[in-house]
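Listed below, chain by chain, are the residues.
There are 2 protein chains.
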Amino acid sequence: MSVANVLQTAQDQVNQILEAYKARTINRVFLVACGGSSALMYPSKYFIDRESASISAEVFNSNEFIYRNPGTLGENSLVILCSHKGKTPETTEAAKFAKSKGALTVSLMYVETAPLADESDYIVNYSWAPPGELDPHPEIANYAILYRLTMGLLYVKEGNKKYEQLLASLPHLDGIMKSIKTNYTAPGKEFAAAYKDESVIYTMASGSNYGIAYSFAICILMEMQWINSHAIHAGEFFHGPFEILDKQMPFILLMGLDETRPMEERALKFLKEHGEKFLVLDAKELDWTGVDEEMKGYLAPLALNFILRVYAVELAAARNHPLEDRRYMFKVPY
Amino acid sequence: MSVANVLQTAQDQVNQILEAYKARTINRVFLVACGGSSALMYPSKYFIDRESASISAEVFNSNEFIYRNPGTLGENSLVILCSHKGKTPETTEAAKFAKSKGALTVSLMYVETAPLADESDYIVNYSWAPPGELDPHPEIANYAILYRLTMGLLYVKEGNKKYEQLLASLPHLDGIMKSIKTNYTAPGKEFAAAYKDESVIYTMASGSNYGIAYSFAICILMEMQWINSHAIHAGEFFHGPFEILDKQMPFILLMGLDETRPMEERALKFLKEHGEKFLVLDAKELDWTGVDEEMKGYLAPLALNFILRVYAVELAAARNHPLEDRRYMFKVPY
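Protein chains in written order, with full-length UniProt numbering: chain A, 1 to 334; chain B, 1 to 334.
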């Protein structure tokens, strides 16, 4: 398929879902997944939280969603789920559960057929590339599709124009990602050389960027590198976690472009005063030409995520620990 | 004051707030605080999530709340805040911000006068004792007061009878806490001897217990003991974090009595199969006589929290690292 056709196919799936939104009342959005797929829900929650006075959003781990059994889940709920291969059993169960409560279920996945698809009202297939590699279609990658679905929701239901800004801005992601690959590979090697022997590396962020810090901590560092980690919220940092900081303790601080940036700046000031071993990844360093001013805060996490993936590849190489190595995942029963 | 008078004074404050609930529409509850005060909000969110079809609840760090500026915050919102000494600047700002949006603001604190009190419509003073010491009035300690306010909300607004079960059950907490002090001090010493040299200790829980795991990780281990930590959600564990587990990696697993217990049991099974160094604290081991069957899941986190505080005192003693030692908190500008 040509690039234009690939993009149109995904947008056709999105458009069909926006039509489905119109057919019902929606006052509640549940963003339901596990691990890395859950992490990618955070920016969309941030968007809905900020932008809507009548629709509220929750992020839940799939099993937590089922066992917690939220009282507000019902016919006026939209449940968006995600599983890369559509085979995460808890997430398929969560889709079934949501449907049993009358909710509209929409699932994101990379594959075209999967158990999760069978249990969902609608699906969208996103584009994907392995860590560090350029996605041929970043504007329909997972985070971007999720924004299409959530900004699209407020567009359809409340006339929120951010969706139009999103569609105008997403085509510029390709250039941003390419420049990251070009400009951040060498710094990634330096990071890898400097941090390869660390047994703990903390990540830190706030607002729309927190999910990226969470994803890097649990999926890259803990899962793929067996390095101890924790995603610390940049505001919570000052109420306990900062006491762990000394000149040797490694931190990665993400600095985004959204309204919560003052919290990340406050953390940076403290790291500079009391730490020594920290990496700052600042979305301000990127060229955002063409991206709508109001979209920068929402799209910064996508760029920061790709920088971290470039760094992850270099870290794995420097440590001789392939990102694919697992002790348990898909290898033992759990 | 006699015990009866102390309890009545707190309940009078609560009753006044329940009256204030009646005077307005409330469809949204924001639970706003920092660090340990934020951790104590989680069980009340779990309660509202499960029990109400029309009122939804959010937990936000105070600055995240302000900068995120939720669109659903307004005249129909109840904002409950907490700061132990009522002097956390972000939380005082958050109260001011919430009031500027027309919300009803209720603040919990240990002290009677404080900046946070000045910016709140109502306050409640909770009872408190240092880590590991018996609170003379556990039924009006912070978590219990919060339940009075949130279960009281659904009682007043929706006729939910859990509030009556709560009031009938809380007097039994005193006996439970005393038996914990008696029965868990020796195991706490064993734990301390076995874990005192660890540089990382993870905590894990789900549902109403997750906040307790978070509190122990960030306030006790990171802040008061400078031990690396992270509160891992027992459902998320299997989607990344579990890869960090080997025979040497220390975990503390909390097992509560709520509907999410199957997730904690799944984590236990995995720890038994693939780990060796883990502590399990199971609320089932306690004598819940007198506590309403439907309250056990909600009150288990309070008991687990106290067990962990008893253990914290022993850990600090074994490590010769007083719980009061700080590098930065209240000592340097931040």
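Hints were generated in silico from the structure; no laboratory data involved. For clarity, every value in this text was computed on a predicted model and none was experimentally measured. Mixed in with the good hints there might be a few duds.
In this list, chains with the same sequence are indistinguishable; a pair is considered to hold if it fits within one copy or across any two.
List of simulated lysine-lysine pairs, BS3-like, C-alpha gap at most 27 Å [said to hold, decoys possible]:
(1) K269 - K22
(2) K331 - K277
(3) K178 - K272
(4) K272 - K284
Verification of the supplied hints:
Within a single copy, K269 and K22 get their C-alpha atoms no closer than 47 Å, and across copies no closer than 45 Å, so neither meets the 27 Å cut-off. For the identical chains of this complex, K331 and K277 are inter-copy neighbours only, at 22 Å across copies versus 35 Å inside a copy, given an alpha-carbon limit of 27 Å. Taking the shortest Cα distances, K178 and K272 never come within 27 Å of each other, neither inside one copy (30 Å) nor across copies (46 Å). Proximity of K272 to K284 under the C-alpha cut-off of 27 Å is restricted to the intra-copy arrangement: shortest distance 18 Å within a copy versus 46 Å between copies.
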